[in-house]
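When the sequence shown is numbered by this note's numbering, its final residue is 366 and no position is left out of the sequence of numbers.
FYI, nobody ran anything at the bench for these hints, they're computed from the structure.
Remember, it's a predicted structure, so these values are computed and weren't measured experimentally.
Honestly, I wouldn't trust all of these hints.
Said to hold, decoys possible - In silico DSS-like links for lysine-lysine, alpha-carbon gap of 27 Å or less:
(1) K293 / K258
(2) K128 / K163
(3) K332 / K293
(4) K302 / K332
(5) K258 / K163
(6) K128 / K302
(7) K302 / K258
As the list claims (entries may be wrong) - Across the chosen pairs, the derived CB separations fall in these ranges:
(8) R207 / A124: 29 to 35 Å
(9) R115 / D243: 46 to 52 Å
(10) S277 / E99: 55 to 61 Å
Glycine is no exception: its CB is placed at the ideal position from the N, C-alpha and C atoms.
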Amino acid sequence: MVPTLTPSFSRQEELQAEIGSFLIAIINVYAIVLLIAAITGLVVTRVLTRPLQLLAHHLSAVKIGRSNRKIEWQGSDELAILISEYNRMLDELDSGAIEIKIREREATWREMARQVAHEIKNPLTPLQLNVQYLQKAWIEEAPDFDQRFNRFITTMQEQIERLNTIATDFGQFGSLPQPRFARVELCGILRRISLLFTDDNSRVTFTSDYEVFDFDSDEGLLQVVFTNLVKNSVQAVPHDRNAEISITLSVSENGNVEIRIADNGKGIPAGEYQKIFTPYFTTKSQGTGIGLHLVYQIINTLHGKVWFVSQENIGTVFFVSLPASGQQHKNENLNLPNI
Numbered sequence: 028m029v030p031t032l033t034p035s036f037s038r039q040e041e042l043q044a045e046i047g048s049f050l051i052a053i054i055n056v057y058a059i060v061l062l063i064a065a066i067t068g069l070v071v072t073r074v075l076t077r078p079l080q081l082l083a084h085h086l087s088a089v090k091i092g093r094s095n096r097k098i099e100w101q102g103s104d105e106l107a108i109l110i111s112e113y114n115r116m117l118d119e120l121d122s123g124a125i126e127i128k129i130r131e132r133e134a135t136w137r138e139m140a141r142q143v144a145h146e147i148k149n150p151l152t153p154l155q156l157n158v159q160y161l162q163k164a165w166i167e168e169a170p171d172f173d174q175r176f177n178r179f180i181t182t183m184q185e186q187i188e189r190l191n192t193i194a195t196d197f198g199q200f201g202s203l204p205q206p207r208f209a210r211v212e213l214c215g216i217l218r219r220i221s222l223l224f225t226d227d228n229s230r231v232t233f234t235s236d237y238e239v240f241d242f243d244s245d246e247g248l249l250q251v252v253f254t255n256l257v258k259n260s261v262q263a264v265p266h267d268r269n270a271e272i273s274i275t276l277s278v279s280e281n282g283n284v285e286i287r288i289a290d291n292g293k294g295i296p297a298g299e300y301q302k303i304f305t306p307y308f309t310t311k312s313q314g315t316g317i318g319l320h321l322v323y324q325i326i327n328t329l330h331g332k333v334w335f336v337s338q339e340n341i342g343t344v345f346f347v348s349l350p351a352s353g354q355q356h357k358n359e360n361l362n363l364p365n366i
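Make the full structure from the sequences, and use the hints.
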């Protein structure tokens with residue numbers, strides 16, 4: 028009789044269950060190991076990249092000429108060396124910025140000294156020549172000595188006035204005061220300036236829809252601004268024609284007071300537009316190049332704007348816009364004197 032083998036299905040099931048449990052345990056172990064590795068890698072990465080991110084942030088914020096923050100870092104590894112070099116670079120930048128400011132200040136003073144010397148020399152030269160000419164006439168007992176003496180006095184007065192203008196312009200340029208805001212009546216200021224510059228060769232008119240225009244500003248600084256602008260307009264007119272200057276005051280749609288000063292001068296070449304408000308730039312033979320730059324500075328200080336439009340051989344119009352607040356009284360059937 029041959030024996031018969033009968034497979035034990037229950038044993039196989041137990042074996043498969045054990046193998047499944049083992050595989051699940053291995054998978055769980057691998058999952059835990061991978062999770063720990065990922066967390067460890069993330070922590071290590073953040074620990075390693077944090078100083079680099081901090082350094083990158085500080086580097087992007089570095090600006091020449093302002094206070095830059097150093098990085099405080101403890102250690103002696105490669106990152107510490109890199110951060111130490113960054114801090115050293117900041118020290119060098121600060122030293123360089125201070126040196127640049129000193130050089131710029133020295134260059135500004137040298138340029139101003141050169142300009143002042145040049146402007147003073149211009150009126151002194153004709154004075155010196157006239158003195159020599161007058162001395163020669165005195166020695167030679169010239170019969171027209173009295174006439175020459177009178178011409179010399181006239182020349183001297185003109186050149187002294189020229190020196191006074193130079194001193195005033197440079198004095199205002201070097202010590203622009205802070206504005207002192209108070210109630211200002213602008214129409215009266217502009218009327219007085221129009222009368223000041225009106226003579227046989229120049230006609231300056233002032234027109235406005237307002238009899239009185241009160242607002243908050245600095246009267247002294249406004250006097251400087253509009254005196255310079257009107258004087259510049261008068262001087263821009265060639266000698267072959269009489270100067271016709273018009274000053275207009277109005278209120279814009281946004282509520283600002285706007286002053287318009289137009290002349291019939293020779294205009295400004297398009298290539299010089301960008302230089303008009305630059306210090307020391309002038310198109311006049313006897314100009315200091317400070318007046319319009321002073322106007323630009325003052326108007327900015329008063330929170331306003333100044334600009335111009337010009338056409339060669341026709342004329343130039345300067346515009347000044349200032350914040351307005353206060354009481355304005357319009358002219359209603361009011362007969363003002365023709366200025």
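Practice task
Below or equal to 27 Å on CA atoms is what counts here, so check K128 against K163.
Solution key: The given pair, whose Cα atoms are some 52 Å apart, is violated under the 27 Å limit.
Exercise for the section: Please test the hint of 46 to 52 Å on the beta carbon pair from R115 and D243. Expected result: 51 Å, holds
Handout entry: Proposed proximity, K258 with K302 (alpha carbon, max 27 Å)
Key = 19 Å, holds
Exercise for the section: Below or equal to 27 Å on CA atoms is what counts here, so check K258 against K163. Expected result: 38 Å, violated
Exercise for the section: Check the following: the C-beta atoms of S277 and E99 are separated by a distance inside 55 to 61 Å. Expected result: Holds, since S277 and E99 (Cβ atoms, about 59 Å apart) stay within the stated range.
Practice task
Starting from K332, check that the Cα of K293 is at most 27 Å away, please.
Solution key: Holds. K332 to K293 sits at ~24 Å (cutoff 27 Å).
Exercise for the section: With respect to the beta-carbon atoms only, verify the hint that R207 and A124 lie 29 to 35 Å apart. Expected result: 33 Å, holds
Exercise for the section: Sort out whether K302 lies within 27 Å of K128, counting only the CA atoms. Expected result: 23 Å, holds
Problem - Satisfaction of hint between K332 and K302, Cα-Cα up to 27 Å - result: 17 Å, holds
Handout entry: Restraint check for K293 with K258, where alpha carbons must lie at most 27 Å apart
Key = 15 Å, holds
Of the numbered hints given earlier, the model fails hints 2, 5; all others are met.
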